[in-house]
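Participant: Sequence:
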Amino acid sequence: MDIRHSTNPADAKGYDTARLRQQYLIESVFVPGEVKLTYSHDDRLILGGAMPVKEALTLEAEDVLKTDYFLERREVAFMNIGGGEAFIDVEGERFTLVKLDTLYVGKGVRDLKIASVDADNPAKLYITSATAHAKYPTRKATVQEANTLNLGALESSNERTIHQVIHEVGIQSCQLMLGVTLFKPGSVWNTMPAHIHDRRMEAYLYFDMNDNARVFHFMGEPSETRHIVIANEQAVISPAWSVHSGAGTSSYAFVWAMAGENYTFKDMDVIPMNALK
Numbered sequence: 092m093d094i095r096h097s098t099n100p101a102d103a104k105g106y107d108t109a110r111l112r113q114q115y116l117i118e119s120v121f122v123p124g125e126v127k128l129t130y131s132h133d134d135r136l137i138l139g140g141a142m143p144v145k146e147a148l149t150l151e152a153e154d155v156l157k158t159d160y161f162l163e164r165r166e167v168a169f170m171n172i173g174g175g176e177a178f179i180d181v182e183g184e185r186f187t188l189v190k191l192d193t194l195y196v197g198k199g200v201r202d203l204k205i206a207s208v209d210a211d212n213p214a215k216l217y218i219t220s221a222t223a224h225a226k227y228p229t230r231k232a233t234v235q236e237a238n239t240l241n242l243g244a245l246e247s248s249n250e251r252t253i254h255q256v257i258h259e260v261g262i263q264s265c266q267l268m269l270g271v272t273l274f275k276p277g278s279v280w281n282t283m284p285a286h287i288h289d290r291r292m293e294a295y296l297y298f299d300m301n302d303n304a305r306v307f308h309f310m311g312e313p314s315e316t317r318h319i320v321i322a323n324e325q326a327v328i329s330p331a332w333s334v335h336s337g338a339g340t341s342s343y344a345f346v347w348a349m350a351g352e353n354y355t356f357k358d359m360d361v362i363p364m365n366a367l368k
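Counting with the working numbering, you get residues 92 to 368 for the letters of the sequence shown.
To be clear, the hints were calculated from the coordinates, so they are not data collected in a lab. Hints are not guaranteed to be accurate.
Straight-line alpha carbon distances no greater than 30 Å define the calculated DSBU-like cross-link-like pairs of lysine-lysine that follow [to be verified]:
#  : residue 1 : residue 2
1  : K231      : K157
2  : K226      : K190
3  : K275      : K231
4  : K190      : K275
5  : K275      : K145
6  : K157      : K127
7  : K357      : K198
8  : K368      : K104
9  : K357      : K226
10 : K204      : K190
11 : K127      : K204
12 : K190      : K145
13 : K231      : K357
14 : K157      : K226
Okay, the calculated beta carbon distance ranges per label pair [claimed, not checked]:
#  : residue 1 : residue 2 : range
15 : K104      : M364      : 29 to 35 Å
16 : S342      : T239      : 16 to 22 Å
17 : R290      : R164      : 19 to 25 Å
18 : P284      : N353      : 40 to 46 Å
19 : K145      : N365      : 54 to 60 Å
20 : A101      : L245      : 24 to 30 Å
Using N, Cα and C, we set each Cβ at its ideal position, and we do this for glycine too.
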């Protein structure tokens with residue numbers, strides 16, 4: 092498991108491109124036949140990917156967590172972002188996930204196996220996990236069952252649909268929040284106007300991009316923004332003090348996940364455009 096320690100804005104001001112990418116970008120999320128995870132000390136979110144091929148995969152606690160099993164003191168969500176269908180067995184109950192389906196599994200589950208329905212067309216399951224102090228029931232949701240918000244406008248190149256899956260009026264959790272944002276044709280800006288929420292961090296996984304497409308992801312304090320160039324199926328960590336916004340060279344989608352103190356989706360401080368520098 093890769094480890095990313097927390098940073099503060101005073102230090103991040105001095106980061107060059109290589110240091111920004113080393114600290115915040117996760118370049119390889121999906122590896123055939125593996126579970127690949129990154130542990131962020133920002134609100135202790137774990138994020139990564141599972142790409143089962145012939146053999147079923149499991150979540151291992153490893154030495155990083157110092158627990159007997161992965162979900163001893165954690166909750167986890169899986170979203171199928173592409174490829175083929177997947178199934179996840181949770182203590183003997185099987186859940187099948189097609190593209191954009193999400194499965195939430197609560198604290199205390201020991202027996203969990205992840206597999207692809209077709210080894211020749213393996214699923215890509217994006218994984219996010221936060222610490223948990225209480226057990227919530229396992230639940231699956233399709234993107235059609237999510238709470239849907241239509242925001243932005245074509246004139247500002249940010250007409251988009253936000254599907255809130257795990258949140259205060261959706262699938263319940265201790266602190267993990269998760270959803271997916273899809274763009275209308277001709278729109279490329281996400282999360283603009285920008286905002287911050289100092290009570291929780293956020294991570295994005297960008298996907299559904301062609302090989303030559305890129306997203307210019309903006310981060311940093313509003314008065315000290317930086318950018319990271321991101322390719323398809325790469326993820327980025329945004330500390331609580333940072334904006335998290337981006338513009339693509341063509342269409343894309345992204346999964347957003349949050350962890351932290353507040354469980355209210357609307358808890359955000361919008362940054363006026365004249366404050367961005």
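Participant: Does K145 sit within 30 Å of K190, going by the straight-line distance between their CA atoms?
Facilitator: Given that 30 Å is the threshold and the Cα spacing comes to 19 Å, the pair holds.
Participant: For P284 and N353, compare the CB-CB distance with the range 40 to 46 Å and indicate the outcome.
Facilitator: violated (20 Å)
Participant: Check the hint pairing K357 with K226 against an upper bound of 30 Å on the C-alpha distance.
Facilitator: holds (24 Å)
Participant: Hey, K231 versus K357, does the alpha-carbon distance stay inside 30 Å?
Facilitator: holds (24 Å)
Participant: Are the Cα positions of K157 and K226 separated by 30 Å at most?
Facilitator: holds (19 Å)
Participant: Does the Cβ-Cβ separation between A101 and L245 fall within 24 to 30 Å?
Facilitator: violated (39 Å)
Participant: Falls inside 29 to 35 Å, the C-beta gap from K104 to M364?
Facilitator: violated (21 Å)
Participant: Mind checking the alpha carbons of K275 and K145 for me, to see if they're no more than 30 Å apart?
Facilitator: Violated, at roughly 36 Å.
Participant: Please verify whether K226 and K190 have alpha carbons no more than 30 Å apart.
Facilitator: Since the Cα atoms of K226 and K190 sit roughly 26 Å apart, the hinted pair holds (cutoff 30 Å).
Participant: Can you confirm whether the C-alpha distance between K127 and K204 stays at or below 30 Å?
Facilitator: holds (15 Å)
Participant: Using the C-beta atoms of K145 and N365, is the stated range 54 to 60 Å upheld?
Facilitator: Holds, since K145 and N365 (Cβ atoms, about 55 Å apart) stay within the stated range.
Participant: Would you mind confirming whether the straight-line C-alpha gap from K368 to K104 stays at or under 30 Å?
Facilitator: Between K368 and K104 the Cα gap is close to 13 Å, so the pair holds against 30 Å.
Checked against the numbered hints given earlier, this structure breaks hints 5, 15, 18 and 20; the rest are met.
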